[in-house]
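Student: One line per chain: the protein sequences are A and B, in this order.
According to this note's numbering, the first sequence holds residues 1 to 318 in order.
According to this note's numbering, the second sequence holds residues 319 to 636 in order.
Hint data in this document are derived by calculation from the structure and do not stem from the laboratory.
Warning: the hint list may mix true and false statements.
[Said to hold, decoys possible] Straight-line C-alpha distance at most 25 Å; calculated DMTMM-like pairs for lysine to aspartate or glutamate:
| id | chain 1 | residue 1 | chain 2 | residue 2 |
| --- | --- | --- | --- | --- |
| 1 | A | Lys265 | B | Asp489 |
| 2 | A | Lys144 | B | Asp489 |
| 3 | B | Lys462 | A | Asp171 |
| 4 | A | Lys144 | A | Glu90 |
| 5 | B | Lys462 | A | Asp179 |
| 6 | B | Lys462 | B | Glu484 |
Protein chains: 2
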Amino acid sequence: MSIFDTTGSAQEPSSRVAFAGNRLDRQSEFRDDDCLAEALASDTMRAFAISRGRAYLRANGAGFEALHHAEQLAAFDPDLDNAILLGFSETNQPRLAVPVRLDPEELPDTVKAIDPRSIYIQGLVSVSLLGELAQATSLVAWSKTHQYCGRCGHPTRPRAGGYRRECTACDQMLFPRTDPVVIMLAVDTQSDLCLLGRSPHFPPGMYSCLAGFLEPGETIEEAVRRETHEESGIRIGRVSYHASQPWPMPHTLMIGCYGEAISTKIAMDSRELEDCRWFNRAEAAALIGRQIEGGDMRSPPPGAIAHHLIHDWLTHGS
Amino acid sequence: MSIFDTTGSAQEPSSRVAFAGNRLDRQSEFRDDDCLAEALASDTMRAFAISRGRAYLRANGAGFEALHHAEQLAAFDPDLDNAILLGFSETNQPRLAVPVRLDPEELPDTVKAIDPRSIYIQGLVSVSLLGELAQATSLVAWSKTHQYCGRCGHPTRPRAGGYRRECTACDQMLFPRTDPVVIMLAVDTQSDLCLLGRSPHFPPGMYSCLAGFLEPGETIEEAVRRETHEESGIRIGRVSYHASQPWPMPHTLMIGCYGEAISTKIAMDSRELEDCRWFNRAEAAALIGRQIEGGDMRSPPPGAIAHHLIHDWLTHGS
């Protein structure tokens with residue numbers, strides 16, 4: 001037995017999801033309090049402009065640009081006190097995330113305010129920028145909700161290029177937040193079925209994997225079993241990690257797993273789901289396929305970790 | 319190929335770490351704002367008493383008790399406004415986490431204030447309670463640092479038995495925080511070596527796996543590669559998830575992985591580590607062994623996820 005996958009797959013599952021592949025050199029160990037001012041003063045600085053979870057994209061004829069230089073950024077009324085240094089590109093360009101105050105309603109026609117999920121689904125920016133965009137929107141959302149100290153209520157100030165915040169009164173240090181969510185495909189290996197559900201807030205016809213926040217005091221595997229049981233009544237035995245995905249709405253880490261069902265009778269939590277059912281391979285394949293062809297039922301789009309969990313079960317699962 | 323481990327191991331690696339195995343029924347979907355008052359009024363209620371990250375344990379002759387009934391709890395000056403309903407035991411006892419104000423210095427001789435890590439290492443409470451203890455200390459630490467709204471600075475109030483907090487001014491909802499940390503054993507599969515380091519704050523002679531916080535906008539695998547490279551200069555190719563562990567200091571999720579080294583020359587970050595080196599199997603086995611026998615070099619104790627990563631590489635890795 002090897003501790004590594006020996007099936008020869010060159011690409012790890014986590015590299016195939018949207019928002020993976022962030023290539024920035026974060027240089028988190030070399031950050032001092034001058035690094036942001038230095039980055040802002042650099043001619044090669046490029047920034048994401050973020051407002052209420054949406055990125056401002058400039059139309060450039062053929063498509064959209066998510067990165068703005070200093071002058072372009074200035075037009076959006078940037079809040080430079082809360083700018084965050086994300087890291088450096090392969091050509092050593094400083095890359096920033098900057099909250100902006102210009103109202104989306106007041107944007108010129110050539111600029112669109114679009115959430116990261118829509119940006120990836122519509123392919124509005126290059127795939128290689130999606131990871132940086134996730135980092136940018138997550139950190140701006142975190143900074144926005146950590147302007148005051150949760151312990152004493154006094155204002156906080158940024159440190160280390162915005163990657164930390166520090167209370168001005170009690171010195172508490174605040175670090176970026178990432179919320180682990182388990183998302184799992186429960187599989188009935190005897191009958192070769194997988195379990196999918198739909199939440200009332202899904203687009204019409206969409207079925208996906210069950211998911212929920214990991215809670216304090218549980219392992220990933222325990223969270224998979226608890227969430228699956230709470231939402232569907234299905235008991236899970238073995239759990240197998242498959243892939244992870246940064247999901248910047250606002251700052252989540254999706255942890256994708258397979259769970260081996262050890263019961264089959266569904267008892268759906270109707271406050272969370274409006275349907276939950278077993279799909280055989282042909283049905284699951286149709287669900288994935290209709291994503292492309294259009295139809296009444298569909299899976300989450302390619303790039304979503306749920307899509308990969310279903311797809312990879314169809315391809316490899318036995 | 320199966321999506322599940324087919325080696326027939328009955329026990330998943332995550333079930334063998336300390337703080338795993340929390341059996342409480344959290345009933346998170348059935349919580350209303352009366353659930354805490356109902357739990358506090360119950361004769362069968364039992365509570366963990368937490369002060370500054372330490373649990374108050376009552377000596378009972380043979381050992382220690384971590385759970386207190388209402389009268390025992392009252393002696394510690396409990397802050398019941400910030401009590402948190404953890405869930406229900408298998409016999410339907412409400413289980414609470416309660417911050418207490420009695421100073422550890424003023425405790426009677428029969429009560430000790432001890433941090434969760436020491437409690438597990440010294441085996442002071444039953445293994446089956448450690449997961450609940452992790453949940454309790456994590457949630458109290460979170461609640462303590464979320465008494466004020468990070469967005470507007472106004473006080474927050476508990477909801478849903480303390481499992482959420484809500485701003486009294488802007489209505490922002492605050493949810494428990496869990497910080498994902500990647501901890502990894504880098505393995506040179508050609509020379510059959512593993513990479514361990516020691517931080518200056520480790521006990522003398524201790525070597526362990528490298529580790530670091532996962533950052534926004536990266537996958538688990540990317541975090542493993544980034545952290546390993548930052549701390550040791552070693553490049554990692556394939557990454558394989560092994561196990562996870564709740565680590566309540568204060569509210570971390572340890573995500574344990576193997577990483578296949580694709581370089582061998584160490585360039586240690588001397589601000590993070592005071593030593594970092596390759597160990598062959600005999601050396602790693604000695605490290606694990608001396609944990610028990612005493613000696614000048616040792617690994618983290620059994621129960622620590624780093625111990626399992628090293629142990630399981632020795633047992634299974636090839």
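Student: None of the hints should be skipped; say for each whether it holds.
Tutor: Evaluation of the provided hints:
Pair hint Lys265 of chain A plus Asp489 of chain B does not hold up; C-alpha atoms about 39 Å apart against a cutoff of 25 Å. A hinted pair counts as satisfied when its Cα atoms are at most 25 Å apart, and Lys144 of chain A with Asp489 of chain B qualifies at roughly 15 Å. Between Lys462 of chain B and Asp171 of chain A the alpha-carbon distance is near 15 Å, which keeps this suggested pair within the 25 Å criterion. A threshold of 25 Å between alpha carbons decides the hint, and for Lys144 of chain A with Glu90 of chain A the separation of about 29 Å lies outside it, so the pair is violated.
Our distance criterion of 25 Å between C-alpha atoms is met by Lys462 of chain B and Asp179 of chain A, whose separation comes to about 18 Å. Restraint check for Lys462 of chain B and Glu484 of chain B: the C-alpha separation of about 14 Å stays at or below 25 Å, so the hint holds.
Of the numbered hints stated above, those contradicted by the structure are hints 1, 4, listed in ascending order.
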